[in-house]
Amino acid sequence: MYDLVIRGGTVVCADGARVLDIAVQGERITAIGECLRGTESIDASGKLVFPGVIDPHVHFALSVGNTVSSDDFYSGTAAAAAGGVTTVIDFTTGGEGRTIPEDVNARLEDAKPSIIDYAFHGEVIGWRPERAEEISRAMAMGVNSFKFFTAYGASGRMSGTGALLHAFRVIAEKDGIALVHAEDESMIEFLSSVLPAGAAEKMETTALVRPDLCEASAVNSVGLLAAETGVRCHIVHLSSAMGVKEAIRARNRGALLTAETCPQYLLLTSEAYRGPSGHLFSAAPSLRTAEDNNALWKALGDGTVDFAATDHCPYTSAQKEWKGRFDALPGGLPGVETLLPLLYSEGVHKGKLSLQGLVRITSERAAKLYGLYPRKGCILPGSDADLVIFDPNETWIVRAGALRMNVDFSPFENLQVRGKVWKTLSRGELVFSEDRVLGNRGRGVFLGR
0 MYDLVIRGGT VVCADGARVL DIAVQGERIT AIGECLRGTE SIDASGKLVF PGVIDPHVHF
60 ALSVGNTVSS DDFYSGTAAA AAGGVTTVID FTTGGEGRTI PEDVNARLED AKPSIIDYAF
120 HGEVIGWRPE RAEEISRAMA MGVNSFKFFT AYGASGRMSG TGALLHAFRV IAEKDGIALV
180 HAEDESMIEF LSSVLPAGAA EKMETTALVR PDLCEASAVN SVGLLAAETG VRCHIVHLSS
240 AMGVKEAIRA RNRGALLTAE TCPQYLLLTS EAYRGPSGHL FSAAPSLRTA EDNNALWKAL
300 GDGTVDFAAT DHCPYTSAQK EWKGRFDALP GGLPGVETLL PLLYSEGVHK GKLSLQGLVR
360 ITSERAAKLY GLYPRKGCIL PGSDADLVIF DPNETWIVRA GALRMNVDFS PFENLQVRGK
420 VWKTLSRGEL VFSEDRVLGN RGRGVFLGR
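So the sequence shown is residues 0 to 448, counted in numbering that gives the first Met the number 0.
Treat the hints with care, since some could be wrong.
[As the list claims (entries may be wrong)] Derived EDC-like pairs (lysine to aspartate or glutamate); straight-line CA-CA distance at most 16 Å: (1) Lys201 / Asp71; (2) Lys201 / Glu320; (3) Lys419 / Asp434; (4) Lys201 / Glu270; (5) Lys419 / Glu393; (6) Lys322 / Glu200; (7) Lys173 / Glu132; (8) Lys111 / Asp71; (9) Lys322 / Glu203; (10) Lys419 / Glu433; (11) Lys244 / Asp301; (12) Lys244 / Glu290; (13) Lys419 / Asp390; (14) Lys244 / Asp211; (15) Lys351 / Glu433; (16) Lys351 / Asp301.
Keep in mind that the hints were calculated from the coordinates and are not lab data.
Take the sequences, apply the hints, and build the full model.
Below, the structure is given as structure tokens:
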């Protein structure tokens, strides 16, 4: 007799889907089969059972300039659980004068209220050769991925190609992963400097100074360095067809390069900037065209883009109040709660993704890249009982006021969605059920990788 059996759902794994029972003992999946018996049971008939979703790119309680992203690790992970996300990977906050291990310790304190499990990427600011030992120390603490920027020079976050070359060699030697926010800083600066009079006062200008060529140029450069050094390199929030082509080019050169995209780059276009709420869509990379949307869907479906993430970095309307210039706004969009439903509704339901493909891009591939598999990212005996029971037939309308993310704006407001999370289990415990968050503050654990 098992502690819990989830009965009769269509269990979806990366290699197939079948009606089965899942038995849970303590925090782990113990058995998968038919006619299993448990002290407690959940009838999942007519529903889909997925591995818990991994969102490998979130920004909770992120301090930027004079403001802080509006979801902390409690509200953000409560929203995540409501969306079927059972693991998030956030970022340390780097800065001159601090080490990456110090940043890890600070972020561990921030994350204590988390409802679900979490890990970190180490943000690298101001790389110098003498910082190489910080990589080893951070990896000993359970952080094996490190983020670099090829943009944001004004804030000191940008790393030039020389610094990237050296850092990539160090990370490759230690079999870590280099994450890169890929935009060409010199292109952004030049295009900003030659704007016509009045252009800076229009939100749509953000797409003009951060065009698809800006992303493609940076991916090209980073891909060349990755091929030369042999580092495992991951491009975050890929947003354009040109970026996809450069990722393919890098792999053809021999680069061990992976990439993610986000729902905003699959579903939205730069037309969003033109409306009266266009300033609320401030984020980088910029939104692009319907052709880019289609290219990214295709790349997700055929595996060219490895998985989906959200880059969840929410701000309220008050925080994004228009200040007269497109570049005077905090950048980021909310999304951790809507990742799975949107990918199911716009992807699977509309024939752009298979059910198995959905599992690959929302859990399995991120788990494998970041060293969480098979504890996370799959439904197998011995894996954590992180499970999503999903109703594929329920329809609903995205309304910011009905979501649990701490925002009063959704970039997908009024979108009709087919499919909704019914229940979410994290390590065998119901943390969300039928529109109620049940997980207790602080029950999430840090996942050393």
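Now for the hints, and whether the structure bears them out:
As the CA atoms of Lys201 and Asp71 are separated by approximately 31 Å, the hinted pair breaks the 16 Å bound. At most 16 Å may separate the alpha-carbon atoms for a hinted pair to count; Lys201 and Glu320 meet this at roughly 14 Å. For a cut-off of 16 Å, the pair hint linking Lys419 to Asp434 stands: about 10 Å separates their Cα positions. Between the alpha carbons of Lys201 and Glu270 the distance comes to roughly 12 Å, so the proposed pair stays at or under 16 Å and holds.
At roughly 6 Å between alpha-carbon atoms, Lys419 and Glu393 fall within 16 Å of each other, so this suggested pair holds. Of the supplied pair hints, the one linking Lys322 and Glu200 holds, its CA atoms being roughly 9 Å apart against a limit of 16 Å. Between the alpha carbons of Lys173 and Glu132 the distance comes to roughly 11 Å, so the proposed pair stays at or under 16 Å and holds. The suggested pairing of Lys111 with Asp71 holds, with an alpha-carbon distance near 10 Å, which does not exceed 16 Å.
Distance check on the hinted pair: Lys322 and Glu203 sit about 14 Å apart at the alpha-carbon level, within 16 Å; holds. Between Lys419 and Glu433 the alpha-carbon distance is near 10 Å, which keeps this suggested pair within the 16 Å criterion. A threshold of 16 Å between alpha carbons decides the hint, and for Lys244 with Asp301 the separation of about 14 Å falls inside it, so the pair holds. At roughly 14 Å between alpha-carbon atoms, Lys244 and Glu290 fall within 16 Å of each other, so this suggested pair holds.
Pair hint Lys419 plus Asp390 holds up; C-alpha atoms about 5 Å apart against a cutoff of 16 Å. With a C-alpha separation of about 11 Å, the suggested pairing of Lys244 with Asp211 holds against the 16 Å cut-off. Annotation: proposed proximity of Lys351 to Glu433 is violated, straight-line Cα distance about 28 Å (limit 16 Å). Of the supplied pair hints, the one linking Lys351 and Asp301 holds, its CA atoms being roughly 10 Å apart against a limit of 16 Å.
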